Structures are given as structure tokens and as C-alpha cells.
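Read off the chains here:
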Amino acid sequence: MGGNVSAVIGVFSLVSVLAGALFAVGRLRGRRGIATPGQRATYEVLHTAGLAAEPLRAGLNPADAAKAARHLRTLVGAAGLALTDTDDLVALDGRGAHHREQLRTAARRVIASERSTVLGEAELTCNRIDCPVRGAVVAPLGGASGRIAGALVAVTDGAPAPGLVQATLETAHWAGSQVALAELDSSRERLARAEVRALRAQISPHFIYNALTAIGSFVRTDPERARELILEFAEFTRYSFRAHGEFTTLAEELRSIDRYLTIERARFGDRLQVRLQIAPEVLPVTLPFLCLQPLVENAVRHGLSRKPGTGIVSIEARDAGAECHITVEDDGVGMDPATLTAGIAELAGSTGDPGDDPGQHVGLSNVDERLRSVFGDGFGLVVETGVGLGTKVSMRVPKFHPGVRAGS
Amino acid sequence: MGNDLVVPAIVAVTLVTVAIGFYGLRLARTTSDFLVASRVISPTWNAAAIGGEYLSAASFLGVAGLILKYGVDVLWYPVGFAAGYLALLLFVAAPLRRSGAFTLPDFCELRLGSRRLRTLATIFVIFIGWLYLLPQLQGAGLTLATLAGSPYPVGALVVGVVVTANVALGGMRAVTFVQAFQYWLKLTALAVPAIFLALQWQADGRPAVTPPDGSTFRTATTVVVEQRAVLTLPDGQTREVRPGDELSFAEGEPVPEVSGVANGATDWLLPNDAGSGDRGLFATYSLILATFLGTMGLPHVLVRFYTNPDGAAARRTTLVVLALVGVFYLLPTIYGVLGRIYTPQLLVTGQTDAVVVLLPEAALGAGTTGRLLAALVAAGAFAAFLSTSSGLLTSVAGVISTDVLGRGSVRGFRLATVIAGVVPVVLALNVSGMDVSQVVGLAFAVAASSFCPLLVLGIWWRGLTDAGAAAGILVGGGAAVTSVLITVLGPALTGWPAALIAQPAAWTVPLAFTVMIAVSLATRRRAPADIGRTMLRLHAPDALRS
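Those protein sequence lines, which keep their order, are chains F and W.
For the first sequence, full-length UniProt numbering gives the first residue as 1, with consecutive numbering after it.
For the second sequence, full-length UniProt numbering gives the first residue as 1, with consecutive numbering after it.
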């Protein structure tokens, strides 16, 4: 019992010390004397700008623009503030709702001419006696790319002062660059999708030629087998040329690899040995579409095509807590790590012509880039190789990542 | 006690478990056949694995002990432990699987898109994990102390160290087949002795469990008291006993009535302790709520659902789990009831949690059969300690390594495992006096008042916002956590406060729901913009997805 009482006292004293520390920190931060007025002003402007930046980065849709407009109005210090896209008002905060139509026309004019303008009382007539709106400053939202994404309208209840005009112009310029960044984000995603498509188009040439020749050799001698192979080939291409979905499950990817290997076995016969070790727990893991198959293709090409005798390709998927670890290994000729890094660096500079034989680098670096763009920089490919030592490619896939989902 | 078979049995089970985890499946699953390698785990296997991980020794040893002590009142424990899967089946299993979330923090991030909420959920996962690990280690200490006569810390340390080392070095890392094997091992270890016990009871002429004039000792017994209690002797005298006192009873002598235990036939057979009135009813409802709704918040159970390929399989798995767990929980009940006849001395010593491991020898005598069966039960209990602890430790360590340490490397996971393992071991060494079932119940109560509202509302109500979820978890879960801390560390309470604190679920669960709904309604603007898409993802049938 004594121990319990002292434990309770200990817990309470710890909690009270913590509370005291929090209180002291709060008091210190609250005291004005610690920062100069200039520092406080800087802090407040940047803080408000930061609050506005987040919704702006999501693009000019009504919900996010409304959030941004609130903070931008504080930043400019106007009575009302509106954001427009190239066509219409998307958000308006504060005064001026009944001037919507006039503001819209003015904004369109500004966007067309790409020059900011100041509206006086004459252009903002209305029949309300108590209307407080006396003027407005309209500035285009132009990013670094030069394209105008919309306009920012600051509504005032007096004649627009030069200070307000300046503040509006600067704010519009800053907001424009944030919107441009949003476009950059979405274009990066589009690029990633385009890469997937490029990869799909890229598997084919060698493989299709080889597969068809292999099947052709069976048509006379073993028509039944040829038929099965053609069906496998059809299924394989259906998966690989699938039009929808950026992600797939490990189980489906493995099924497609199985078809691929069936066809390759028809070509290589007993020379190709496959060893699998798959933890069934990780079969539902979601991963970018076609990110394992190019590795297997690589392993077959390395492990067999350039060396005599049998080659072993092993595929291993292990369950590792919140992640799944996948390795693809071959015992083939391997390569000089320096060549590999040089090849990848070269590719990063050039556009990468998939028709050339350094295609293997294309495959690896494409998978690497896609994994990084989806899961983050910590999840790239790891390649272990040496001349004559075979190649081992490993990747880590998190079991859950926001925004990653099979079949979408 | 001197059963020379117990220690070898325990060592054998430990070694087999470790060895299977390290080597067995690695060899068995290497193949060149894709059809074999990429075969998805069937719901039956998966369900057995969930059962293997879920059926903790703390719960079944504790349930038998409680039934011995309090009678039908506590039958809600086994019922609730099994029925929790009904709630999981109805409200959570399939949508959660379709969401693609692996852990509870994942679900928070996916549904509400808030990193801060994720952190909060992480804290609760770790707390619940530790709170649930504590009774496992405690139970291991007790079992080993009872069977092999070792001091209490030894068992807790052994299980703690074996499991931590095993998980950290990569063995037994949530391997489905190992856990499924553990379920069948536990079932065998309890069912076979139970059959023998029932036969013995038949052969003894079916002695009444609650003889009208009180239980009697069947053999001459010497009892060493371990907990302070007041005994009421048959002649009406009372006597206060202290730990260390030795009492001898002759054959046929009636068992003295012990304070705080259901004694007479009516007490034991009827629900509701006489005299506690509404408080007993309140505690019962609390217990029902905690066990029914707490199962869905246990971190090591939820991660298992990820292994299912789709929502429909998740639902089928849950159904099978319901059956498997339901069958299993019949057995501790039998042990508790027969313990009333064959081991009444445990009521005097206060060591009721040991009834399962002591009963075979007590009923069947110290012959080979009795000793073998006792060893079997001990092995089963140890298998349970190992499997549940390692499942819990894996999930807690996973959460720590990804969300607290922030890196997914193997070394990070090992470090996290050690951190996750040391804390409950230290705690277990310091609290030895509590009923293990009570601690298990508290873990369920915390889960029910934090994650149950989050999951149920998150899945079925579009209006839930991150602020609402955080407020609900903080208020409801926080209240439950406070109750736990007061129960474990604080002073002893009496009357209504004691009932409210010892079984908090009946007020903390509604509190959590209310706060979550109210704050969500107040912060309606914060509802995620893509809620429609998320809901579609959670609820659209699997067939529509491909």
C-alpha cells in the first residue's frame, strides 16, 4: 500500500511539474517584450501566408479557395476578397457579395489583358443605399510559368489607397506562384501515369517477338501446348496492356509473372529454373502496377540469355511487420555496378529510348522512380551485383500507404 | 507440487514454437510452383490464426479462476470474449479490409486524413498493447510459480525475454500457420484433460457442484494462505488469516467461507452478488460493453484481417473465428466448475487463477495420467502466453517503428521490439497482486472506449471529422485510461466510485460516442472533402472493384 501511495504522489507531482512547465512556456511566448514589433509583423505575415498556402496548393476549387480567401483577406487587409479562376468567381470572403457580377467581368478583363486594374466607385454602382463598397483592386494570379490561372480581387470600403494596391499586387503574385505549384504537383502525377503507360508499351518488342517464335516452334510438334501457350500469352498481354488502374496486388502481379515465365520456359526449357518463396500474408499487398515483372524479366535476361547452362531465378516475398520485402535474384553474369549507375545517370539526362539494348536500365530505373514517387524516397530499389556474381534486386513495399489502392 | 513433467513440457513447447517460426515454414514454402506459392490463405486457416493469437492464457486461466470464485456472475467474460467477434463481423470486418488499412493508425489517416489523429491513435495502440501484454506476463509468472515452484518474477521474465528476442530476431513474425497451429495446440491442451476430468467426475458418482450444506474437502489438505482474508468457519466463528499462515483440513471437512467470494450454493449459482444491488448490475453491463466492443480495438487482431484477399473473405474469417473462439471458451468454464469440487482450497489461498493448471492432478491423482495431463495443460498455457505475447509485441513494435521512430528498417524494428518488450516486463514485475482477468478486462475497456467509436462511426457515418474523432478518443479513452491508472496505482475505493472505476466501460463508451458525435457536428466544416470516395471504397462490394 505504501508503494502505491508513493507511486500516486510521484505521478501527481510529475503531472503538476509538466503542467507548470507548459504554463510557463505559454506565458513567455505570450509576452510581447520578447520579440521586436518588426519580428512580430514578419511572423504574423508569414504565418498567415502559410495558412493560406496549404489550401492554395490544392488548386482553385471552391472548398479550398474559400479557406484561402479568408487568410488572404487578412494578409491584404481589405474589406472583402474574392478569388476567381479563368471563368468565374470561386470564393468570396467578406464584403461585396452583391457586386459579384461586376467583379466577375472585371476579373475576366484583367485575365484577358494580363494587367491589373483598379475599379473606382463609377464601375461599382449599385442600388443599395448602405453599400459600403467604394472600390476594388483586381490583380491576375500569374505564376512563374507566365500562364494566368485566375484573378484576385480586393474590395475596399474607401478609395483604394496605394498601399492596398501594392499589397494586393504582391499577394496576387505570391498566390499565383502557389497555384502554379499546385499545377506542378498535378503535372508530376500525370507524368508518373504517363511513365506507367510508357512502360506498358515498352515490355513488348523483344518479348513479343521471342514468345511468338517460341510458340511457333510448337505449332507442328505439339499443337496442344502451342494452344495453351497462346492462351497464356493472351492473358499476359491483357494484364500488361490493362488500361485502368495504377496499382495492383502482389498476388495478381505474381500471376502475371507466372504466365510470363511459362512462355519463357517454352523458349528455354529446363535451362530456366525458378525458385519461389512467398509469404502468403503479403499477397494482398498493393503495389504499383508492373513494378515486379520488369525485374523478373531482367533476371531472366541476365540469368540466362548470356550464359551457358541452367540459370536460377528466385523470387522471394517476406512479411516484415508493416512492410513487405521483395527480392528478385538471378545467378547470371551480373554486371559492373559502375556501369549500372552510369547507365541510370545517362538515362536520367536523356529521354531514354526503349528500343535500345540498355533497356534493362530503363526497366530498373523506371521501377525505381515509380516506387519513389508513390511511396517516398526511402522506398527505392536496391541492386546488389558484380561481374559474374549474379544480380539481386530488392524492394520494400509498405502494407499501407495513403492514396494507394488496388484496382484504382 | 513437484510434477517433474511440467518443466520439460514447457521447454518443449517453447523450443518447438521458436523452431517452427525460424525454419519450418521457410523450408515448407519454398517451391517452384506458382499455384502453390501464391495461394491465398483460406478463411479457415486465417481464422485459426486469429484464434491462436487472440486466446490469451491470461483470459482462459483468468476465466476459469473467476468462475471458481464468483460463479455464474462472471460467465459474461467468456461470452463477451467470443461475442466481441460478432460486433466485429457486423460492423467492421469487411469495410476495414476493403479500406486497405493495415493498422488502426492507418485507418485514421485514410478515413480522416489527419496526421495528428494518427499520432493519437498510435499512442492508444501502444497503451492498449502494453496493458494487454501485462496480464500475459503476469499469468506466465503465476503459472510457473504454481507448477514448478519458481519465484513469480521468473515466469514473467522468461516469457518476456523469449518473446522479445524471438520477435526481434525475426522468428514467428506473425506467421499465419504458426499461429493457426497454436490455436489447435491450445484447444487440444484444454479439451483432452477436460474429457478426462468429466469422465472422472462421472466415475466419482457426479458429486454436486454446489452441495446444499457447502463444499467439503475431498482429501486431507494443507493450505498456505497467500492473500489476507476473513474465513467463516462452519461453526460460525470468524478467523482472520494472513499470507503465510498454514491451515490443515481433514477429509470431508467443510470448506470455510472466505470473504469476498461467492460461497453458498445460491450465491454461486445466481447472478448478482447479494448486497451489491445495482452496482453488480452496472458492473455486468460494463463488462458486456467492454468485451463486446473492445475486441475490435485490439491491435493484434485487426492486423490479421489484412491477410484476407477481400472484404467477403474477411467476413467469412470472422464467422469462423466466432465459432472457434466460442467452442474454446466452453472449456475454461468446465474447469472452473469442476474446480469447485476438486480444488476448493484455492478459494482459501486466493490463487484461483491457477485452477486450470492444478485441476488435472487434483482430480486424477498424482499418477502418470494426472501428471501427463497437467503437463499438457501447462504446455497449452505456455503456448498461449507465447503466441499472444508475440502477436501483441509484433503489432506494438510495428507501430513504434513506423510511427514513433519513423523508419521502416530492420534495425528500427528490432529497437522498437526491445522498447515494446521491456516496458510490460518491468510493469509485470511490479504488479503481482491483481486478478489477471481484471487487467484483461481493463484493456478491453480502453479499446472499447477509444477505437470502437472511431471504427463504427468512421465506417458508418459520413459526418465524422478529425476533430470529433480526436475529442472522442481523448475524452472516452482518456477516462478509461484514468480509471485503469487509478485501479492499478491508486488507493482502494469502495461503493459506487469503486464500481465506476473498476468497470468503466458502461460510462466511458457512451461518453466517447457522444463526444465524438457532438464535436463532429460542431466542426462540420472539417469533414474531409473526399468522404464520398472513401465511403465508396469502404462499402462497395468486392465484385464491383475489379
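I should point out that these hints are in silico values taken from the structure, not numbers from a laboratory.
Incorrect hints may have been included.
25 Å max Cα-Cα, derived DMTMM-like pairs, lysine to aspartate or glutamate [to be verified]: (1) F:K67 / W:D530; (2) F:K307 / F:E369; (3) F:K307 / F:E183; (4) F:K392 / W:D33; (5) F:K67 / F:E121; (6) F:K67 / F:E183.
These figures come from a predicted structure and were not determined experimentally.
Hints versus structure:
1. Restraint check for K67 (chain F) and D530 (chain W): the C-alpha separation of about 16 Å stays at or below 25 Å, so the hint holds.
2. Between K307 (chain F) and E369 (chain F) the CA atoms are separated by roughly 29 Å; this puts the pair beyond 25 Å, and the hint is violated.
3. At most 25 Å may separate the alpha-carbon atoms for a hinted pair to count; K307 (chain F) and E183 (chain F) exceed this at roughly 49 Å.
4. A threshold of 25 Å between alpha carbons decides the hint, and for K392 (chain F) with D33 (chain W) the separation of about 21 Å falls inside it, so the pair holds.
5. Our distance criterion of 25 Å between C-alpha atoms is broken by K67 (chain F) and E121 (chain F), whose separation comes to about 28 Å.
6. A distance of roughly 18 Å separates the Cα atoms of K67 (chain F) and E183 (chain F); the hinted pair therefore holds under the 25 Å criterion.
Against the hints set out earlier in the document, violations occur for numbers 2, 3 and 5.
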